[in-house]
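Number of protein chains: 2
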Amino acid sequence: MTARPKKSLGIVPGAGAARMVEDIVGCKWSLTVLALVRDGVNRPGAMEHAVPGLSAKVLNERLRKLQRFGILAKTSYPEVPPRVEYALTPFGRKFVGVLDEVETLERELTTGSAPRPRSS
Amino acid sequence: MTARPKKSLGIVPGAGAARMVEDIVGCKWSLTVLALVRDGVNRPGAMEHAVPGLSAKVLNERLRKLQRFGILAKTSYPEVPPRVEYALTPFGRKFVGVLDEVETLERELTTGSAPRPRSS
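From first to last, the protein sequence lines stand for chains A and B. Heads up: the first sequence begins at 1 in our numbering, then just goes up one per residue. Heads up: the second sequence begins at 1 in our numbering, then just goes up one per residue.
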């Protein structure tokens, strides 16, 4: 068991955080963008160049969503030409940590160290 | 950042683990059953008595689902009267750890330390 105190698991049904996790995990491009930002690729132009098949339209949609979720923060620098950078917020860093944990669970499911779930 | 190696976040879109997290988090009774088992309430009869409003039918459905997901393991003892106990599997313990993390995220969302997400 964990060192965490018991008596938790009181998550509100339909909790927003779980929906956010599922939304992001279910979206290949959101995961891609988070991996880029985490690896220090912070400018939209650099992101586009780093990933074949990632269009500016899709990239901007995902960046907006991740900002709305409070996962990414946007900083605009008043330079010529203007510079924009994205970074993980403190909440975003925790969120990415949970995605890592979900990835670990997923690996256990697919390598068969846990029984394969069936739909209910 | 975490001490975790970078270059993860390669979760398969529609990953089963994230769906499982959302399924369980979205189900009040599943969370209740997990909290009971974690607190050492392992027998179905004791679970029913511990939670007003939890019917045998709903309890058995949730126990079956949690078993199917590989989160709980059932042990039957050939006694008279027969005794049945449920326990977290090793996978289940990790899964509950992730639910705790999601709960922490949820608390940050609802206390407003992160921007409130809007639907996209």
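Don't take every hint at face value.
[To be verified] Beta-carbon label-pair distances, calculated as ranges:
| id | chain 1 | residue 1 | chain 2 | residue 2 | range |
| --- | --- | --- | --- | --- | --- |
| 1 | A | 75 | B | 46 | 52 to 62 Å |
| 2 | B | 55 | A | 107 | 34 to 44 Å |
| 3 | A | 83 | B | 68 | 34 to 44 Å |
| 4 | B | 77 | A | 111 | 51 to 61 Å |
| 5 | A | 107 | B | 84 | 49 to 59 Å |
[Unchecked claim] Each computed EDC-like pair below joins lysine to aspartate or glutamate, with the alpha-carbon atoms no more than 20 Å apart:
| id | chain 1 | residue 1 | chain 2 | residue 2 |
| --- | --- | --- | --- | --- |
| 6 | B | 94 | A | 48 |
| 7 | B | 28 | B | 61 |
| 8 | A | 94 | B | 100 |
| 9 | A | 94 | A | 79 |
| 10 | A | 94 | B | 61 |
| 11 | A | 74 | A | 108 |
| 12 | B | 28 | A | 48 |
Simulated from the structure, these hints should not be mistaken for lab results. All C-beta atoms in this analysis are idealised placements derived from N, C-alpha and C, irrespective of residue type, glycine included.
Now the hints, each set against the structure:
1. A:75 x B:46: 52 to 62 Å: holds (54 Å)
2. B:55 x A:107: 34 to 44 Å: holds (36 Å)
3. A:83 x B:68: 34 to 44 Å: For residue 83 of chain A and residue 68 of chain B the Cβ distance comes to about 51 Å; the hint is violated.
4. B:77 x A:111: 51 to 61 Å: The hint (51 to 61 Å, Cβ to Cβ) is violated, given that residue 77 of chain B and residue 111 of chain A are roughly 31 Å apart.
5. A:107 x B:84: 49 to 59 Å: violated (31 Å)
6. B:94 x A:48: Distance of about 36 Å is beyond 20 Å: violated.
7. B:28 x B:61: holds (13 Å)
8. A:94 x B:100: Given that 20 Å is the threshold and the Cα spacing comes to 12 Å, the pair holds.
9. A:94 x A:79: With Cα atoms ~31 Å apart, residue 94 of chain A and residue 79 of chain A exceed 20 Å; violated.
10. A:94 x B:61: Since the Cα atoms of residue 94 of chain A and residue 61 of chain B sit roughly 33 Å apart, the hinted pair is violated (cutoff 20 Å).
11. A:74 x A:108: violated (35 Å)
12. B:28 x A:48: violated (42 Å)
Violated hints, listed in ascending order, are 3, 4, 5, 6, 9, 10, 11 and 12; each of the other numbered hints is respected by the structure.
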